[in-house]
Amino acid sequence: MSDPRDNVQQEFLAEAQELVEALSRDLLLLDEAHQRGERADAALINEIFRSVHTLKGIAGMFGYKHVGTIAHALEDLLDDLRLGRTSIGDPLLDVLFDSVERFQLLLALDDPQAPEETPGVDAYVAAVRSIGADPVVDGGDPLDRYAIGPAVLSVLTEYEEHRLRACIREGMQLYRLRATFDLTAIDDSIETLRDVVHDDAEIITYLPSLEGGNDESIELVVLLASRVEEPALKAHFEGQYGTIEVIEERTHLPTIPPNLTSIPPDAQSVLPQSDDEMGQASLRSLANSVRVDIRKLDDLMNVVGELALVRSAVSRVVEGFDGDPKFRQSLRELERVGRGFERQLSELRTRILDVRMVPLGQVFSKFGRIVRQAAREHDKQVRLVVTGANTEMDKLIVEELADPLMHLVRNAIDHGIEPVDTRKRLAKPTEGTLALNAYHKGSNVIIEVEDDGGGMNAHKLRETALARGLLSAEAGQELTRQDMLNLVFLPGLSTNTAVTDMSGRGVGMDVVKTNILRMGGVVSIASEQGIGTKITVTLPITLAIIRALIITVGPRIFALPITAVREAVPFAKQDVRTIQGRKVITMRGETLPICDLGELFGIRGARRQNSRFVIVCSMGNRELGFIVDELVGQEDVITKSLGESLSSVRGFAGAADLGNQQLALVLDAPSLFSEYFEGADAPLAVETRA
Amino acid sequence: MTAGAQRATLIPDPDSEEGAVPVLAVSAGNEIYAFPLAAIREILMPPPLTEVPRAGEHFLGVIAVRGQIITLVDLPKLLKLQVPDRQPLGRVLLVEVGEEMIGVAVDHVVQVAQLQSDQIEYSGSMSAELAEYVVGVARVPLESSSDAEEMVILIDPQVLLGGLK
Numbered sequence: 001m002s003d004p005r006d007n008v009q010q011e012f013l014a015e016a017q018e019l020v021e022a023l024s025r026d027l028l029l030l031d032e033a034h035q036r037g038e039r040a041d042a043a044l045i046n047e048i049f050r051s052v053h054t055l056k057g058i059a060g061m062f063g064y065k066h067v068g069t070i071a072h073a074l075e076d077l078l079d080d081l082r083l084g085r086t087s088i089g090d091p092l093l094d095v096l097f098d099s100v101e102r103f104q105l106l107l108a109l110d111d112p113q114a115p116e117e118t119p120g121v122d123a124y125v126a127a128v129r130s131i132g133a134d135p136v137v138d139g140g141d142p143l144d145r146y147a148i149g150p151a152v153l154s155v156l157t158e159y160e161e162h163r164l165r166a167c168i169r170e171g172m173q174l175y176r177l178r179a180t181f182d183l184t185a186i187d188d189s190i191e192t193l194r195d196v197v198h199d200d201a202e203i204i205t206y207l208p209s210l211e212g213g214n215d216e217s218i219e220l221v222v223l224l225a226s227r228v229e230e231p232a233l234k235a236h237f238e239g240q241y242g243t244i245e246v247i248e249e250r251t252h253l254p255t256i257p258p259n260l261t262s263i264p265p266d267a268q269s270v271l272p273q274s275d276d277e278m279g280q281a282s283l284r285s286l287a288n289s290v291r292v293d294i295r296k297l298d299d300l301m302n303v304v305g306e307l308a309l310v311r312s313a314v315s316r317v318v319e320g321f322d323g324d325p326k327f328r329q330s331l332r333e334l335e336r337v338g339r340g341f342e343r344q345l346s347e348l349r350t351r352i353l354d355v356r357m358v359p360l361g362q363v364f365s366k367f368g369r370i371v372r373q374a375a376r377e378h379d380k381q382v383r384l385v386v387t388g389a390n391t392e393m394d395k396l397i398v399e400e401l402a403d404p405l406m407h408l409v410r411n412a413i414d415h416g417i418e419p420v421d422t423r424k425r426l427a428k429p430t431e432g433t434l435a436l437n438a439y440h441k442g443s444n445v446i447i448e449v450e451d452d453g454g455g456m457n458a459h460k461l462r463e464t465a466l467a468r469g470l471l472s473a474e475a476g477q478e479l480t481r482q483d484m485l486n487l488v489f490l491p492g493l494s495t496n497t498a499v500t501d502m503s504g505r506g507v508g509m510d511v512v513k514t515n516i517l518r519m520g521g522v523v524s525i526a527s528e529q530g531i532g533t534k535i536t537v538t539l540p541i542t543l544a545i546i547r548a549l550i551i552t553v554g555p556r557i558f559a560l561p562i563t564a565v566r567e568a569v570p571f572a573k574q575d576v577r578t579i580q581g582r583k584v585i586t587m588r589g590e591t592l593p594i595c596d597l598g599e600l601f602g603i604r605g606a607r608r609q610n611s612r613f614v615i616v617c618s619m620g621n622r623e624l625g626f627i628v629d630e631l632v633g634q635e636d637v638i639t640k641s642l643g644e645s646l647s648s649v650r651g652f653a654g655a656a657d658l659g660n661q662q663l664a665l666v667l668d669a670p671s672l673f674s675e676y677f678e679g680a681d682a683p684l685a686v687e688t689r690a
Numbered sequence: 001m002t003a004g005a006q007r008a009t010l011i012p013d014p015d016s017e018e019g020a021v022p023v024l025a026v027s028a029g030n031e032i033y034a035f036p037l038a039a040i041r042e043i044l045m046p047p048p049l050t051e052v053p054r055a056g057e058h059f060l061g062v063i064a065v066r067g068q069i070i071t072l073v074d075l076p077k078l079l080k081l082q083v084p085d086r087q088p089l090g091r092v093l094l095v096e097v098g099e100e101m102i103g104v105a106v107d108h109v110v111q112v113a114q115l116q117s118d119q120i121e122y123s124g125s126m127s128a129e130l131a132e133y134v135v136g137v138a139r140v141p142l143e144s145s146s147d148a149e150e151m152v153i154l155i156d157p158q159v160l161l162g163g164l165k
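Sequence order for the protein chains is G and X.
My numbering numbers the first residue of the first sequence as 1 and each following residue consecutively.
My numbering numbers the first residue of the second sequence as 1 and each following residue consecutively.
Read the hints as simulated data drawn from the structure, not as lab findings.
Some hints here could point you the wrong way.
Only some residues are given here: those of chain X computed to face chain G with a beta carbon under 7 Å [unchecked claim]:
id, residue
1, ALA38
2, ARG41
3, PRO47
4, PRO48
5, PRO53
6, ALA55
7, HIS58
8, ARG66
9, ILE69
10, THR71
11, LYS165
Label pairs and their calculated CB-CB ranges [what the hints assert, rightly or not]:
id, chain 1, residue 1, chain 2, residue 2, range
12, G, GLN10, X, GLN114, 35 to 41 Å
13, X, GLU42, G, LEU631, 51 to 57 Å
14, G, SER641, X, HIS58, 35 to 41 Å
15, X, GLU143, G, PHE327, 30 to 36 Å
16, X, GLN114, G, GLY57, 25 to 31 Å
17, X, GLU57, G, LEU307, 33 to 39 Å
18, G, ARG650, X, GLU42, 29 to 35 Å
19, X, PRO84, G, VAL304, 36 to 42 Å
20, G, SER647, X, GLU42, 21 to 27 Å
21, G, ASP636, X, ASP118, 58 to 64 Å
22, G, ILE352, X, GLU42, 20 to 26 Å
23, X, SER117, G, SER315, 48 to 54 Å
24, X, GLU57, G, ILE370, 45 to 51 Å
25, X, ASP118, G, GLN17, 41 to 47 Å
Residues of chain G placed beyond 12 Å of chain X at every Cβ, according to the derived structure [stated by the list, open to error]:
id, residue
26, ASP299
27, GLY368
28, THR422
29, ALA656
Beta carbons: idealized from backbone N, C-alpha and C, even for Gly.
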């Protein structure tokens, strides 16, 4: 673990992953703009170019040859794009989107040098290269028409010059903005200006004016291109940023701006430009954050646990002095100090947990590409709307969520949103909407995956469940509409019999549900036929801490995650009946299968008599009662997994420290359920109400 | 965990000047075993034990050590030796095996001994099952023993505890 090469490798992978994610996000924005028929945002293309450029750089440094090769080819293509030598079209976008997947594939390889394990690198590069430059249209240099001095033109980079020409061609007006900037904060100020200007105008370049500045400040002349009329632009910038003036076309006013031309050509060194500027920007962003292995946070948390032990050890020592009047005053003082210590400790714990929080946007950003791809494959039009992407959750949960959410998203496109012609016939907008909403609710995070598609056919679900023998005929009679919808969580049930490329690949809704339950969450469905479906996932903010019911069986203590528990009721032995070899009791007219944890775990000393409890747990449409001896209470516990050596023992999600090194095994309800119902008569299982 | 534990070797390097391997001699049941000292991360007083239902008989359960959950195994039972239950536990050796830290319960820690290569008898007269984990047996002069030498069983912890199920 301490192999420095490994660390460096991890560092590279993490950074490369971030770059690829950023690339993926930016490509989506580019695609959206293109589909809407809008002009591509030059800053965005530049951003994409930078990501690929940086990726190429670090791939070369760490010996990821194929990543480097692909990034290099893309860089050339993107350079053509940003310099206007090629234009955006579907083939180009396809190639770019394809790159994201290729990068991810290559980064997942163990051996970066693997010669040609991943076929298609060369073919892909060829495909990239085949998108050549557009034929050059020569209409005379538009720059000639403007009064921009040669001294300025000579210091423009190729890119800046291209943008200047492009803006003029698009009929934008050129402006000269004079603004004074504080020298110490000049980089930030220019970034701010860039942000402010962005919607109204494009900054082509900026140069120091060599006047109007002093030791602390500098006046810059900013060359702007904008569609906004002069008065409006003036109203926006004048005063706040300095003065603004129009650069007229030469035919109208052939004056040479004195200040711009007075700059000697070597003056550009005053300010970092193009590549240098890029390097500085990325250095700045690194200074504010550090990447930390989540295991290090676990270690920190362990130290906090140790400190709590030290605190209780001190208390024990103190108890030894109790009753001695000599120490009364000091003991009281010590107790006060001890309470302060505990407060700080709990604060420390909260802060560490806080560090583990990451925005859900990390996983949401992956879906844009999937939605686009899935919609194209199915010839459907889908608009993805994301709200609450900055809702924060424990890093581990966000990671674990990716697969279940991906499945829900694919389901919504595959089974939910109708093809374009169907939607037209139904007078729905041809473009379907898929919404991903996330928000906090108490100590939970709610994530909704909502589509405005065809909705689920509850009766069809019931028919399928009956046909597949997942449901007995009598049980089928009594189902409410919601019960029928919940049938979708049964293993082996899928409404669409055709196995498509995306969903229906054997990973069903039951797996989604199990995975979410494993994280201590719950899933629910709301669906109206013809209107749409909403799947709601409720999760605890952090995985590390779960609320658990502490129970005993004989001398043993267990923790049962509260999310699985519906209720706990006194157990009366005489109520137990046996149906098909299984013990059941009747609760409020419903049959409930029961499982004695003492028997299941072979615990000696479990109670035989009556004063025991049934804990009714539910999972999907199944209910099961666990018989336990005592209910100790509810507690927030930190679950830690059992070691590799115990991984084959079923039924436990891990262990939790209840304090003073007393561990309680945390019961894994999904695993106990599947163990109990395995090979069981399924109809019996669903007979109980969901 | 920090520095990856070096593969502890029980075979003394004949070229090295000392030609000796430090081992930790421990007693469990009726035998004395020796672990290469380099394999032992820590020796603990046994913390409260939580039994894990349905785990193999050689698993005593789990313990919490500095917030980490550690699996505790019983040495004689792991070697499939018939021994009476020996509660309370004497000492716990923490051994790092691959990615996992495993606790090995023993009765007593006897001493650290320097094992010379000529003390080890590799031709084991032990059962085939044992031979897998056991490097050999050695006669070691023990401080506590009135006899001049005591027979110890040399354990290879990586083989014994790796891939534990």
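Taking the hints in turn, this is what the structure says about them:
With a least beta-carbon distance of about 16 Å to chain G, the hint placing ALA38 of chain X at the interface is violated under the 7 Å criterion. Evaluation of the ARG41 of chain X hint against chain G yields a violated restraint, the C-beta minimum of about 14 Å exceeding 7 Å. Look at PRO47 of chain X: its Cβ gets to within about 5 Å of chain G, closer than 7 Å, so that hint holds up. Interface restraint check for PRO48 of chain X: the shortest CB-CB distance to chain G comes to about 5 Å, inside 7 Å, so the restraint holds.
Against a cut-off of 7 Å between C-beta atoms, the interface hint on PRO53 of chain X holds, since the closest Cβ of chain G lies about 3 Å away. Because the smallest distance between the Cβ of ALA55 of chain X and any Cβ of chain G comes to about 5 Å, under 7 Å, the interface hint for this residue holds. With a least beta-carbon distance of about 10 Å to chain G, the hint placing HIS58 of chain X at the interface is violated under the 7 Å criterion. Because the smallest distance between the Cβ of ARG66 of chain X and any Cβ of chain G comes to about 5 Å, under 7 Å, the interface hint for this residue holds.
Proximity of ILE69 of chain X to chain G holds as hinted, the smallest CB-CB distance being about 5 Å (cut-off 7 Å). Evaluation of the THR71 of chain X hint against chain G yields a held restraint, the C-beta minimum of about 4 Å falling below 7 Å. This hint holds: LYS165 of chain X has a C-beta 6 Å from the nearest C-beta of chain G, less than the 7 Å allowed. Look at GLN10 of chain G against GLN114 of chain X: about 40 Å separates their beta carbons, and that is inside 35 to 41 Å.
Checked against the given bound of 51 to 57 Å, the beta carbons of GLU42 of chain X and LEU631 of chain G, roughly 37 Å apart, lie outside it. The given range of 35 to 41 Å is broken by SER641 of chain G and HIS58 of chain X, whose C-beta atoms sit roughly 20 Å from each other. Checking the proposed 30 to 36 Å range against GLU143 of chain X and PHE327 of chain G shows it is violated: the Cβ atoms sit about 44 Å from each other. Between GLN114 of chain X and GLY57 of chain G, the C-beta spacing of about 54 Å breaks the proposed range 25 to 31 Å.
As the Cβ distance of GLU57 of chain X to LEU307 of chain G is approximately 36 Å, the hint placing it in 33 to 39 Å holds. At about 30 Å, the CB distance of ARG650 of chain G to GLU42 of chain X agrees with the hint of 29 to 35 Å. The supplied range of 36 to 42 Å is met by PRO84 of chain X and VAL304 of chain G, whose beta-carbon atoms lie about 40 Å from each other. Between SER647 of chain G and GLU42 of chain X the Cβ separation comes to about 23 Å, which falls inside the hinted range of 21 to 27 Å.
A beta carbon spacing of about 59 Å between ASP636 of chain G and ASP118 of chain X agrees with the range 58 to 64 Å that was offered as a hint. Hint check: ILE352 of chain G to GLU42 of chain X, Cβ distance near 25 Å, so the stated range 20 to 26 Å holds. Between SER117 of chain X and SER315 of chain G, the C-beta spacing of about 52 Å keeps the proposed range 48 to 54 Å intact. Between GLU57 of chain X and ILE370 of chain G, the C-beta spacing of about 48 Å keeps the proposed range 45 to 51 Å intact.
For the hinted restraint 41 to 47 Å between ASP118 of chain X and GLN17 of chain G, the CB-CB distance of approximately 56 Å leaves it violated. Non-interface call for ASP299 of chain G relative to chain X: violated, since the shortest CB-CB distance, roughly 8 Å, does not exceed 12 Å. Its beta-carbon lying about 36 Å from the closest one in chain X, GLY368 of chain G satisfies the requirement of being farther than 12 Å from that chain. The beta carbon of THR422 of chain G is kept farther than 12 Å from every beta carbon of chain X, the shortest such distance being approximately 53 Å.
The beta carbon of ALA656 of chain G is not kept farther than 12 Å from every beta carbon of chain X, the shortest such distance being approximately 9 Å.
In summary, the structure is inconsistent with hints 1, 2, 7, 13, 14, 15, 16, 25, 26, 29 from the numbered list given earlier, while agreeing with the others.
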